[in-house]
Amino acid sequence: MSIEAQQENVHGREQGEVQVTVDYLPATEDFRREYSRQVVLETIRAAVMSFFGVQDRTVGRDTYTYYLVHDGERIQDTQLRLEQVIGERAEHAHFSLVEEITTGGMA
Amino acid sequence: MVLYPPVSRWLIPEAACELTRESVQPAGRRGTESGVFWLGTRATTSIVRVVAKPAGIGVVEEPWRWSVSAELYAAIAAYARPRCLTLLGVVHTHLSPRVPRLSPTDRTRGLKINDALAVIIGSAGGELDPAHWGWFVYGPRGYRRLAAGERAERITMTTEPAEFVDIKAGRPS
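Chains as they are written, first to last, in my numbering: chain A, 1 to 107; chain B, 1 to 173.
The set of hints was computed from the structure by calculation and includes no laboratory data.
Note that the coordinates shown come from a computational prediction; the quantities given were computed from them, not determined experimentally.
Misleading hints may appear alongside valid ones.
[Said to hold, decoys possible] Restraint ranges, calculated between C-beta atoms of paired labels, are given here:
| id | chain 1 | residue 1 | chain 2 | residue 2 | range |
| --- | --- | --- | --- | --- | --- |
| 1 | B | G149 | A | G53 | 28 to 34 Å |
| 2 | B | P82 | A | Q76 | 23 to 29 Å |
| 3 | A | V40 | B | A131 | 47 to 53 Å |
| 4 | B | T158 | A | G87 | 43 to 49 Å |
Just so you know, even glycine gets a beta-carbon here, dropped at the ideal spot from N, CA and C.
Next comes chain B alone, as it looks inside the complex:
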């Protein structure tokens, strides 16, 4: 049994990027960070299928912080499990227009699973081109940036559809 199959490539629908951008921009306009979870099927070639936006009680969107409560995280799991989806990556915004990089908080508090993606959209979600987002992958020595060459090799944008779901904490129905 392999709990976390190693990932060589990710297939990411352009639609998922668009849905992600649309969902985080309102917070950006308010001057706060925001984020989403990318759910999909994890395998040697992993596929992002759903953009899950934590919403309501349990989400903190502040100028320099985005956090999701444990209860909300569990609600996302309750959505994902019956659909055979796993968490492939966490995407969040930074307010700065500079080239996105992981903050110390991102590095210490982010997901700690090999081949987990951490993606940062600069300019409070206003950066349109995913090539200008910050792409990081978790490995034995923590998160490291996916440089342009490796990103081009391992991440393929597709024209496949992607779903969007708002998820709120609470007892699963």
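This is chain A alone, in the form it adopts within the complex:
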């Protein structure tokens, strides 16, 4: 890589690229991709759900939603920008993709 290219690469990271990783407990691999820190979290959530082959669903009157969890807290507002969750300087962000597990009922 040329010096110019390296400088451009470093500059690109300074401009706001963030290495995002997401785990999903049943899967054997993590999701890994770079995003601008300005991206809204819904963009990441959609890509992550596609990667792991899961989707929100409605069964009868019940709706099941997948959430991103960061630092132990569920992200309810997926219109937040990545930067608003991880801060202005972090270059890495790790999330978990989760769905509430509910079992039971008369059987």
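With chain A fixed as given, assemble chain B onto it according to the hints.
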């Protein structure tokens, strides 16, 4: 990259079954359902290694319902990932002493990954013999019961050790 390697067989330590039973029986004595997650290594032959009991805030144990919050689920992931463990199955109790079967809630709200195990212990966790538990596996048409023959073919009880861990929600330390 295969995110969910197909599973032909599961190796399940008898110790994992015992730890599971011990952990769910207190709730059963209170008249509520309870459950644990079986974590292990997923491969053609998958091995259960850890019984993870969600505990504290985020767990609901009621007479006809057991639920685990998203935050607690993430805490289990935070425990599992550094140890290269994945979720192989969810085990929970039913209060009824009848032959365990999946309720509509179990079918719609359970884990939706091929070859995920759903195991039900009847009699509020009092059923001692795993052969009398309900064994179900998720596939293209949803969960289906593993009949005795298929269960004997695909599930092997071992004398290997198993770990037990209580997991509470919160920021990973």
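Verification of the supplied hints:
1. B:G149 to A:G53: 28 to 34 Å: About 30 Å separates the Cβ atoms of B:G149 and A:G53, which means 28 to 34 Å holds.
2. B:P82 to A:Q76: 23 to 29 Å: Check passed, 27 Å falls within 23 to 29 Å.
3. A:V40 to B:A131: 47 to 53 Å: 51 Å, holds
4. B:T158 to A:G87: 43 to 49 Å: 46 Å, holds
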